[in-house]
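Trainee: Chains A and B are the protein sequences, given in the same order.
Just so we're aligned, residue 1 is where the first sequence starts under this note's numbering, counting upward by one.
Just so we're aligned, residue 1 is where the second sequence starts under this note's numbering, counting upward by one.
It is worth saying that the hints were derived from the structure and are not from the lab.
Source: prediction; values computed, not measured.
Mixed in with the good hints there might be a few duds.
[Said to hold, decoys possible] Here are the computed distance ranges between Cβ atoms for each label pair:
id	chain 1	residue 1	chain 2	residue 2	range
1	A	D7	B	Q41	36 to 46 Å
2	B	L83	A	R54	25 to 35 Å
3	A	K69	B	L11	40 to 50 Å
[Claimed, not checked] Straight-line C-alpha distance at most 25 Å; calculated SDA-like pairs for lysine to any residue:
id	chain 1	residue 1	chain 2	residue 2
4	B	K1	B	V19
5	A	K56	B	F69
6	A	K56	B	G40
7	A	K56	B	N56
8	A	K26	B	F69
9	A	K26	B	N56
C-beta: ideal position from N, C-alpha, C; glycine also.
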Amino acid sequence: SQQGEEDPQALSIQEGENATMNCSYKTSINNLQWYRQNSGRGLVHLILIRSNEREKHSGRLRVTLDTSKKSSSLLITASRAADTASYFCAIEGGATNKLIFGTGTLLAVQP
Amino acid sequence: KAGVTQTPRYLIKTRGQQVTLSCSPISGHRSVSWYQQTPGQGLQFLFEYFSETQRNKGNFPGRFSGRQFSNSRSEMNVSTLELGDSALYLCASSLGTGGEQPQHFGDGTRLSIL
Numbered sequence: 001s002q003q004g005e006e007d008p009q010a011l012s013i014q015e016g017e018n019a020t021m022n023c024s025y026k027t028s029i030n031n032l033q034w035y036r037q038n039s040g041r042g043l044v045h046l047i048l049i050r051s052n053e054r055e056k057h058s059g060r061l062r063v064t065l066d067t068s069k070k071s072s073s074l075l076i077t078a079s080r081a082a083d084t085a086s087y088f089c090a091i092e093g094g095a096t097n098k099l100i101f102g103t104g105t106l107l108a109v110q111p
Numbered sequence: 001k002a003g004v005t006q007t008p009r010y011l012i013k014t015r016g017q018q019v020t021l022s023c024s025p026i027s028g029h030r031s032v033s034w035y036q037q038t039p040g041q042g043l044q045f046l047f048e049y050f051s052e053t054q055r056n057k058g059n060f061p062g063r064f065s066g067r068q069f070s071n072s073r074s075e076m077n078v079s080t081l082e083l084g085d086s087a088l089y090l091c092a093s094s095l096g097t098g099g100e101q102p103q104h105f106g107d108g109t110r111l112s113i114l
C-alpha cells in the first residue's frame with residue numbers, strides 16, 4: 001500500500017513542549033503534505049514539501065523530508081492547547097497525482 | 001471568501017437506500033475530490049473531478065459515483081447502502097488538478113447507516 005504510516009498513533013504533551021510526529025511511506029513521491037484535523041471538522045492544509053527539498057518552516061512548524069529513508073517528520077514547537085488535533089501526512093506521487101493520506105497522529109496538548 | 005460547503009452535515013439512512021451528498025467548492029476552484037473517513041480504514045480517496053470530468057478514481061465499488069456540474073459544484077451518490085458505508089464523507093477543492101495544489105476541505109457529511 002502507498003499509504004503513509006504515522007508514528008506515534010497518539011501523543012500527549014504539556015503546553016510549551018515540542019511535539020514530533022513521523023510519517024513513513026513506501027513509494028517514490030513528488031511531494032508530501034501535512035494536514036491537521038480538529039475533532040468533527042475537515043482537514044486543514046499546513047505545509048507542503050517537495051521531493052527535492054529537505055526542510056521547510058512555517059511559523060511554529062518545521063517539516064523535514066528524507067527521501068532515502070522514505071520518511072518525513074513534523075515538529076510543532078512551543079505547543080499550545082489549541083494544537084490539540086489529529087495530524088496527517090499525505091503523499092503525492094506516481095501518474096495519478098492523487099493524494100494518499102496516512103493513518104494520522106492524535107496530539108493532545110494539556111494546558 | 002467562503003470555504004468549502006458540504007450538505008447535509010448529518011444524515012441517517014437504512015440499508016438498501018441511496019443517498020446524495022453535495023459539495024460547493026471555494027469560488028474559482030475547479031477541482032473537487034471526495035474522501036471517505038472511517039476509524040478503521042482512515043482517509044480513503046474516492047474520486048476527483050475537474051471541469052466536469054472524473055480525473056481519478058479510488059478503489060471503491062460501483063455503488064459509489066459522483067459528478068461535477070459546470071459551476072464546479074459536485075455531488076456524490078451511494079446506492080444500495082450497506083452498514084459499512086457509515087463514515088464521514090469529506091469533500092476537498094483546489095484551484096487545479098495535480099498533487100501540488102493544497103486541498104481545502106469542507107467539514108464533511110456524517111452518514112450513519114442503520
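Trainee: Determine for every hint whether it applies to the structure shown.
Mentor: Against the structure, the hints come out as follows:
Separation of A/D7 from B/Q41 is about 18 Å and departs from the stated range, judged on CB atoms against 36 to 46 Å. The hint said 25 to 35 Å for the Cβ distance between B/L83 and A/R54, and at roughly 45 Å that hint is violated. The beta-carbon spacing between A/K69 and B/L11, approximately 42 Å, falls within the hinted interval of 40 to 50 Å. Straight-line distance between C-alpha atoms of B/K1 and B/V19 comes to about 29 Å, which puts the hinted pair past the 25 Å bound.
For the hint pairing A/K56 with B/F69, the CA-to-CA distance comes to about 37 Å; that exceeds 25 Å, so the pair is violated. At most 25 Å may separate the alpha-carbon atoms for a hinted pair to count; A/K56 and B/G40 exceed this at roughly 31 Å. As the CA atoms of A/K56 and B/N56 are separated by approximately 29 Å, the hinted pair breaks the 25 Å bound. About 36 Å separates the Cα atoms of A/K26 and B/F69, which puts this hinted pair outside 25 Å; it is violated.
With a CA separation close to 21 Å, the supplied pair A/K26 and B/N56 stays within the 25 Å bound.
When each numbered hint is compared with the structure, violations occur for hints 1, 2, 4, 5, 6, 7 and 8.
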